[in-house]
Each structure stands twice: as C-alpha cells, then as structure tokens.
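**Student:** Residue strings, one per chain:
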Amino acid sequence: MKKKKNQAKLSVSLLGKTNGKREEPPLLEIKDLSKDYSDKPVLKDISFTLNDNEILGVIGPSGAGKSTLLRCISRLEDSTKGNMFFEGGEHGANSDIGIVFQDLQLWPHRTVLQNIIDTLIHVKRYKKEKAIDIGKGLLRQFDLQDKENEYPKDLSGGEKQRVAIARALATNPKLLLLDEITSSLDPELIHELLYYIRSLSKQGKSMVVVSHHMGFIRQLADRVIFLENGAIIEENNAEELFRNPKNERTKKFIEKNLVGML
Amino acid sequence: MSYTWNFGEIWKYKEVFLEGSVITMELTVLICFFGTLLGLGIALLERTNNRWIRIPLRLYIDVTRAVPVLVLLIWLYYCIPIFTGLGLDSFATALIALSINMSPFASEIIRSAIESIPKGQYESGQVLGFTKLQTMFRIILPQAVKQMIPNMVSLYITMLKFTSLASVIAVNELLHVGNTLISNTYRPLEVYTTVALVYIALVIPLTYLSKRLERGVSIGKVAV
Chain A
53 MKKKKNQAKL
63 SVSLLGKTNG
73 KREEPPLLEI
83 KDLSKDYSDK
93 PVLKDISFTL
103 NDNEILGVIG
113 PSGAGKSTLL
123 RCISRLEDST
133 KGNMFFEGGE
143 HGANSDIGIV
153 FQDLQLWPHR
163 TVLQNIIDTL
173 IHVKRYKKEK
183 AIDIGKGLLR
193 QFDLQDKENE
203 YPKDLSGGEK
213 QRVAIARALA
223 TNPKLLLLDE
233 ITSSLDPELI
243 HELLYYIRSL
253 SKQGKSMVVV
263 SHHMGFIRQL
273 ADRVIFLENG
283 AIIEENNAEE
293 LFRNPKNERT
303 KKFIEKNLVG
313 ML
Chain B
10 MSYTWNFGEI
20 WKYKEVFLEG
30 SVITMELTVL
40 ICFFGTLLGL
50 GIALLERTNN
60 RWIRIPLRLY
70 IDVTRAVPVL
80 VLLIWLYYCI
90 PIFTGLGLDS
100 FATALIALSI
110 NMSPFASEII
120 RSAIESIPKG
130 QYESGQVLGF
140 TKLQTMFRII
150 LPQAVKQMIP
160 NMVSLYITML
170 KFTSLASVIA
180 VNELLHVGNT
190 LISNTYRPLE
200 VYTTVALVYI
210 ALVIPLTYLS
220 KRLERGVSIG
230 KVAV
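Protein sequences, first through last, are from chains A and B.
Yeah, the first sequence ends on 314 if you go by this note's numbering, and it's all consecutive.
Yeah, the second sequence ends on 233 if you go by this note's numbering, and it's all consecutive.
In short, the hints are calculated from the structure, not lab data.
A quick note: this is a predicted structure, and the numbers were derived from the prediction, not measured.
Treat each hint with caution, since some may be false.
Taking lysine-lysine and the DSBU-like style, the derived pairs with C-alpha atoms no more than 30 Å apart in a straight line are [as the list claims (entries may be wrong)]:
id, chain 1, residue 1, chain 2, residue 2
1, A, 257, B, 141
2, B, 141, A, 133
3, B, 128, A, 212
4, A, 176, B, 155
5, A, 180, A, 226
6, A, 180, B, 141
7, B, 128, A, 205
8, A, 212, A, 226
With the sequences and hints as input, model every part of the structure.
**Tutor:** So, in structure tokens, the structure goes:
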C-alpha cells in the first residue's frame, strides 16, 4: 500500500517535470532591500529567501537593523529601495503576515479572548460564534483556556507572550514574524516558549525570528542570518553558522554572546 | 447695621428653585454632550495632514478660545437671527454658545489623551489589518477615554457653573430664576445665598466623582 503511494507521488512529480511545470516560488523573497532614516542607511541591499515551513533566525548586535527588517517585511515601514515578493507575487495581504512585537502591544482594555478574536470579527468579518471557536482553539493550543476572560495586566510575562502569538495567528497567516520575544523572559520561560513555537513549526508555519538569545535561535532556526550595520555579513544553516562561522565578525559576535546559549 | 435674614420667604418658592435647577442640569448635560462631540471631531481632524482642514480648524480654535464666553453668548443671541433669519430661543442659543466655547478645551483634553497611547498600539491594529478609523475607535479611543475622564469631569463642572451666564439672555436656569424671584420677594441676599447653595449641592458630588475616577484610573493604569 505504502509502496503504491510512493509510486503515485513519484509519478506526480515526474509528471510535473515533464510538463515543464515551474518550481514553487519561495514564500518570501527579498531583493536588494534598503532602508534609510533621514539619509542614514539602516538596511543595505538585503537579499534572502524564505521557503515554506522554514524558520529563519536573524541575529546581530543592537542597532544592526534587525527590527527594521521585520518592520519592512510587515509593511509598517516602507523600504527606500528593493523588492519584496510574497509567494512569487506582489507583497501579499496583511492577513498573510503576522507579527509579534518586542513589547507585545496587547490591548489592555480587551480580555484575552477579545484580543484574539477582534481581528476576526472586525477585519475578517467572521460571525462572532465562528471567531470565538477559532479563538478558543488558539487558547487551548497555547494552554490559556482558563485565561480567556482575564485582562492582559493580570497575566504573567509568559502568558502575555503566548496571547500575543495567538493574536498574531488568529487570521492564520502564512508567515509569522517574531521580534525579540524572548527579551523579557527568564530562561525557564524561554524553554516554554520554544516548545510552543516548535509546535507551530510542526504545523508548517514559516517564521522569521529576531532574538538576542543565541540558544533560542540555534534551537529553533533552520537558517540564520547575521546582520551588522544594516548588512548581511553571513548566512548559513543554523548548526553550521553557530559551530563554524566563516566570517570573523560573526565568530566574534557568537563568542561574545555565548552566555545566551541554552 | 444689622440685617434680618428671612429664608422662610424663600422656602415658599422651593418649586421654582427646583425647576431652575432642572433647567440648569438639562442645559449642562446637553452642552457637555455637544461640546465633547465637537471636541472629539476637532481632536480627530487635527490629526490630518490636509491643510485645507487644518487651517480653518486652527482659526476656529483660536477664535473660540479668544472670545469671552459671555460675549459669544450675547453676540450669538443678537446676531444669529440677523444672519440666518432664524429665531432661536434663548435656551438653544445658550446651548450653541457654551458648546462652542467648550469644544476647544474638550479637544485639548481628548488630543493629549490620544497622544498618551503608545505608538505600538496603532501599529498593532495596522499590522492586523484594521483601518485607521477602526484602530482609532476600537483600540486607541477606548484606552484614551480612561485617561481623559478626570480632566473631562473637571471641564463638565466648569460648564455647569458657566450655565449661570445664560441668565443674561433670560434662560430660565437657576440664576435667572433667582433674579426673577428678587422682584417678588425683595430678598436679594437670601435669594443669591440660596442660588449659591444649590450650585454647591450640584457641584460637590461631581467633584468627588471626578476625584474617585482619577484614583480609579491611576490604580487601573498598568503597562502592558
């Protein structure tokens, strides 16, 4: 039976090739992206691709342009030059990309469940019952089911992080951007967060993760970019980049930040 | 020289004072409603970059802040019928004049409350696909309201006291009722004392409410 399935798969893929079918475009492709703030370059000719179900880690010293890169991808900032393609086309709709901010920016006047379902009701125009179903599903996924009626100020740091991720996932975006979400967490909570993010990865979610926490990135990312002064200094698969960095600056940065390894 | 107080004479007219107080409260509530609405409109329009909106708005704010409320009241009372041919009654004129007078102050309170909300809250709406208007009304304003309540209640108290100015155009509010009573009772000191006491009775609960709200807001203000 299994053999038959494999044969079927093979024939489909051969069929695709013989038909001259084009290869699937990457989920996100960034070409020569630059960003200036009042003539001061913050990002310089950044190019990379992100495939489906891939986690890209972005590391680098403070002021390297990591957060600006995420802000450009999420279109909170316009780039000065360069192109971004989402699934091969013009940059996709808002709901294709979710972002979790460093300071989370939960809505303090809304309950945990409302924080998650408001987008579904007011932006996606879902019926309230359907939105609540989705919201409760996400709360279960992040072990927050007993917190649905609480307000953000009553949650612990780790719970707030999870609510922020659940809110970003409400519209089921294809790409999730995580900006320094480990910055206010102690090591135990970072482990906990790692568990939840890995479970997202298993569900096929693509992510760009910015963090100062080297251990977090090493355990999570498939590929890593080292950014310094707005430029990509080195890009490699995570294990290779951390074990055997090619560039001297990358090496120094990783050595300096070894304390952050899990 | 000694004066013999006689509040017994005034007590006979308690219903008249009550009616005057009701008119005062009605006028106050309506002024606060329309003044806040105008203030909100100004605060939101001020955020636009369109100079064809900003310049007239700035002019409106400067003019309404410069003209004393009593002058505005009398001017509108005599000029509106000449300009528009409409014969507005004194209550409506007082409502318009005092709402206009209140609006720039209300807009200032609303503007600073809106500006106190972190930029990230706007961005959180933007990245999730909320329109600017949705972000303002669903995310920013509900949080800003909490910040503006204490100052707004203080402004409402001021407007309650300003309604006494409407007596000059014969609105039957508390002070005007008192002035009319003087010609019946020839007891101005008792009448004005009673009027003052009624204002105190109306204002003091509001002052306490304001303080209570202020305390509530500062306790509830937790960074997220």
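**Student:** Each hint: holds or not?
**Tutor:** Right, here's what the structure says about each hint:
no.	hint	result
1	A:257 x B:141	29 Å, holds
2	B:141 x A:133	26 Å, holds
3	B:128 x A:212	19 Å, holds
4	A:176 x B:155	28 Å, holds
5	A:180 x A:226	23 Å, holds
6	A:180 x B:141	22 Å, holds
7	B:128 x A:205	19 Å, holds
8	A:212 x A:226	22 Å, holds
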